[in-house]
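**Q** Single-letter residue listing:
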Amino acid sequence: MDKKEKGFNLKLYAAAAFFAVLAALVLITVFTFKTKYTAYHPEEVARNYVDTVVQTGDGYNAYKNALISKSQKYGDFIRTYYMNPVIYRDTAYKPGDDIKDCGYKGFNDESYMGEKSKNDDGSLQGQVIDTMYDYYVKLVTDGWDDYDTIFTKYFAKLVEVRKEVFGDDYMTDEIMFTALEGNVLKYGQSLTGTEDEFDKNTGNQTSFKSIGAYQKAYGEDYKFTTAVKTEKNMDLAAYKAALPTEKLTTYGVQADDISAVKCYTVTVSTEDGKTVTETDVVVAQIKNSWYADNTATDTSALYGFYK
Amino acid sequence: MKKYMKKSEIWTFGIGLFGVALMTGWMPDYTATFFADFAFKGKGFDSDVMANMISLVFLVAGIVGAVCELVIGYLVDNTRTKFGKVKPWVGFGVVPLAIVAMLVFVAPNTNSQTAAIIWMFVIYSLYTAFSCAVESPANCFGSLCSPNPSERSSAISIASFLRSVGQSGGMVVVLVVGLVMKAVMGEQQYRNAEGRGLDLVISTAVCALGLILFTMIFFTNNKENVPYTQEKVNLKDAIRVVFTYKNLLMVSLTKLCGFGRGVYGTVSLYIAIYLLGSKDLKLALLLPMGIGTAVGTLLVNLVLKKFSTKQTFILFCVYGASSMGILFLVSRGIGFNDGLIIPFLILNFFCGLQHGNTNVTPNIMIADCVDEIEYKTGKRQDGLAYAGYGLFSKVASAFTKGLGPWLLYTWSGYMVSTDANIAYAAQTDATLNKLLMIYTIIPAVFVILQGVPILFYDMVGEKKEMITKALEERRAAANLSASADAENA
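From first to last, the protein sequence lines stand for chains Z and D. Residues 331 to 637 (our numbering) are what the first sequence spells out, left to right. Residues -18 to 470 (our numbering) are what the second sequence spells out, left to right.
No lab work stands behind these hints, which were simulated from the structure alone. Warning: the hint list may mix true and false statements.
Said to hold, decoys possible - Chain Z side only, calculated, beta carbon under 7 Å to chain D, not exhaustive: (1) N339; (2) K341; (3) L342; (4) A347; (5) L357; (6) I358; (7) V360; (8) Q402.
As the list claims (entries may be wrong) - Computed list of lysine to aspartate or glutamate pairs in EDC-like fashion (alpha-carbon distance at most 16 Å, straight line): (9) Z:K553 with Z:E601; (10) Z:K553 with Z:D602; (11) D:K163 with Z:D406; (12) Z:K562 with Z:D406; (13) Z:K403 with D:E168; (14) Z:K366 with D:D18; (15) Z:K577 with Z:E561.
Think of the CB as a built atom: it goes at the ideal place given N, C-alpha and C, for glycine as much as any other residue.
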C-alpha cells in the first residue's frame, strides 16, 4: 500500500487543504460579521439608532448601541446607577460597590416580602405595571434623551405604587425591569397597534386588535423607512472638548478613547416617500466600533411627530 | 494474533472521528436554533409558517441523508483507489463539508419568505449529503483498520469514546467563543452580536477548522489494513442484506423504534436558558451527560462480561427510561429556579449512562450478525450490513429531527424573539413544562420502545458460540488450502 501511495504527497495535501479551508472560513466569517454587525458601519449605527426609536417609540432599547453600553451591559449600567441605589437605599451603597463583598441588606431580601408578595400569582404585579403606565407615558413625552430623570423618577414612583398594591417594601431588579419593560412594550403597541392573537394550545384569545397612533396618522398599513440623508462635518477636537466627562466616566469611556466622530442626518419616511421627521445623530468611533453618542444626539423629534 | 496497527494509528483513528463529531454533533441543534431565532430576524415572516417549515426542513434533510447513506455505502464498496476505499471519502470530502457547514449559518438577506424557505431546504439538504459522504465512511473505517478482531475492537471502542467526546465539543467551543467575544467586544456589544447569531457563526468556523485539522491527522497517519475485494457490489444487495436476516433487522429496528429518544437534544439549549437560567449552562447540562455516556461505555463493557448483549441492551433501556422519569419528577417537584440546577445536573449524569449502551452494544451485535451472515452464506458483508443499519439510523434521525423541532416550536407553544437585540423571548409556564417533557418523559417512552425489537434477537449464547467456532474452523481450512495452493504453484 505504501508503494502505491507514492506519487501523491498526503502531508502536502493535508496542509494545503487545511490552509485553503482556513482562508475560506476567515473570509466567510469576516463577511458575515461585517454584514450583520452594524457597529462597524457608522451610517448604519446612526440609522439603526433612529430606527429603533421611531418604529416603536423605544428609546430605552436604542441605548444598547450607544456610548452608554460601550463598556458594560446596558442592564448592568441601569442596575448600578439606578436600581441598586433604590434597593439598597438604607445602606451606604455607592455605584461600583460589590454588593456581596459589602454585605449590604437591601429591600430585595425575602424578609421584606409581605403575604401578598408571597402569594401573588402575577395579577398584583400586573396591576402595578398597569398603574405605572400612565406615569411612564408622561415621563417619555419628550423622549428618552434624559434617561437620568426617567430612570430616577420611574423607579422612585415604582416603589410607591408597589407599596400601595402589595403593602410591603420588597423590591428587586427583576421587578423593576419587568415593570419598565412592560411599559416600554405597551407604549410601542399604543403607536403601532396590535392584532388579534390566540393561544396555540387552547385557542383562547390572548390579545385584541387595536389601532395605534401611527395607524391613525398614516393609515393601518403604514410603514416607516429610515435612511441616512446627509453627513455633516464635525471637528474631532471641538467635539471631544465638549463631551460631558462625568457622564462618560459612568459609561467607562474617556474622551481620548474616541478616534473619530461623524454626524448623520437620518430621515424617517412613509412608503410613499414622504419624510415625516428627521434628526441628526452623532456617532463616535472607539477602536473599530462605532457607537451612537447619546450625550450629543437629540431624539425629541422622533417622538410626537405624528400628532 | 498478529497486530496490524501502530499505536499512534489507534489514537489518530479516534482523533479523526472526534473531528467529524465536533462538526456533525454541533450542527443539528444549532442549525435549528439559527433558522428559528436568528437567520431571518426582523424580516416580518409568519412565525407559524416558519416553525412548520423548519420541522419539514429537518424531516426532508433526514430522508435525503437516509438515501445518501445507502448510496454512499454502495459507492464506498465500489471504490478502488491506492488509498483504499474509505480514506478518499474522508480525506477529500471534509473540504466541501467544512465550507457547506459554514454556509448554513450565512443566511441570505431576503425579504421573501419563499426564498428563505427554499434556501433552508437546499443548504441543509446539501450539508446532510456532504456530512453523510464523510461521516459514514469514517465510521466504517473501524472494520477495515485491522483484520485482527481484538485489535479492531480496541480501536473501535477508543474511537467511539472520542467520537462521543467530540459530539459535546461544540458546546465547549460556543462557550469559549462567547467568553472571548465578551472580552473583546464588551458585555453589551457581545449581547448585540449574539442577538444576530454571530457567536454561532464564529463557533461554526472554529468547529469546521477542528474538523479539517483532526481529519487530516487521521488521513495522513492511518492505513486500511484489510484489503478490498474485487467483487462489484449490487445496490439491491444492500437492501436485501438488512431485510433478509432477522437479527440484523432487529438491531436496525432499535433505531427506528427509539427514534424519539434523541429529541432531548433539540431542547437542551432552551432547558439551559429557561429552566436553569443561562445559555452557558448548556455545556454544564451536556457535560454531565457526556461524562455519563463515557462512564456508561465502560459500564456496558463490565455488564457484558456478566450478561449477553440482548440482556445488557434491555437492562439499560429499562434503566434509561427510569432515570429520565426520575429527572422529570424531581424537576417538577423543585420547580424552575436556581435550586434546580445542581439536582438537574447530577441526575443528568445518571441519564447519560444509558447512552453508553446505545454507543457500544449495537455495534457488537452488528459484528455478530455479520458473522451469522458469513456462516449462512459464506460471504462477509460488513459494508452492506453497515449501510443497511445506517439507512435505518438515518430514517430514524430524520424522524427525530422532524419531531424535535415540531415538539419545540409547535407543540410546546415556544415564542421566538422578534427584537433584534434580545436573543430569546420569555415563555409561559405551560411551555416550560412541555420543554421539560421533551427533555425527559418523551425520550423515556422511546427508550422503552427501542428495547422491544431486541426481545426477538437470538444471536446469543450457544448459537453465537457455535457460529464463532464454525467460522474459525472454516477460516483455518481456507488458510490451509491457500498455503497448499501456494506450495503447488
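**Q** If a hint holds in the structure, say so; if it doesn't, say that too.
**A** Here is how each hint holds up against the structure:
The restraint placing N339 (chain Z) at the interface with chain D is violated, with a minimum CB-CB distance near 10 Å, outside the 7 Å limit. Given the 7 Å rule on beta carbons, the hint for K341 (chain Z) holds: about 5 Å separates it from the nearest Cβ of chain D. Among the interface hints, the one on L342 (chain Z) is violated; its C-beta lies about 10 Å from the nearest C-beta in chain D, farther than the 7 Å criterion. The restraint placing A347 (chain Z) at the interface with chain D holds, with a minimum CB-CB distance near 5 Å, inside the 7 Å limit.
This hint is violated: L357 (chain Z) has a C-beta 10 Å from the nearest C-beta of chain D, more than the 7 Å allowed. The interface hint given for I358 (chain Z) holds, since its Cβ lies 5 Å from the closest Cβ of chain D, which is under the 7 Å cut-off. For V360 (chain Z), the suggested interface contact is broken, since its CB lies about 10 Å from the closest CB of chain D, more than 7 Å. Interface hint status for Q402 (chain Z): upheld, as the beta-carbon distance to the closest one in chain D is roughly 5 Å, under 7 Å.
Between the alpha carbons of K553 (chain Z) and E601 (chain Z) the distance comes to roughly 6 Å, so the proposed pair stays at or under 16 Å and holds. Annotation: proposed proximity of K553 (chain Z) to D602 (chain Z) holds, straight-line Cα distance about 9 Å (limit 16 Å). As the CA atoms of K163 (chain D) and D406 (chain Z) are separated by approximately 14 Å, the hinted pair is consistent with the 16 Å bound. Straight-line distance between C-alpha atoms of K562 (chain Z) and D406 (chain Z) comes to about 33 Å, which puts the hinted pair past the 16 Å bound.
Between K403 (chain Z) and E168 (chain D) the CA atoms are separated by roughly 5 Å; this keeps the pair inside 16 Å, and the hint holds. Our distance criterion of 16 Å between C-alpha atoms is met by K366 (chain Z) and D18 (chain D), whose separation comes to about 14 Å. Proposed proximity of K577 (chain Z) and E561 (chain Z) is contradicted: the alpha carbons are some 26 Å apart, above 16 Å.
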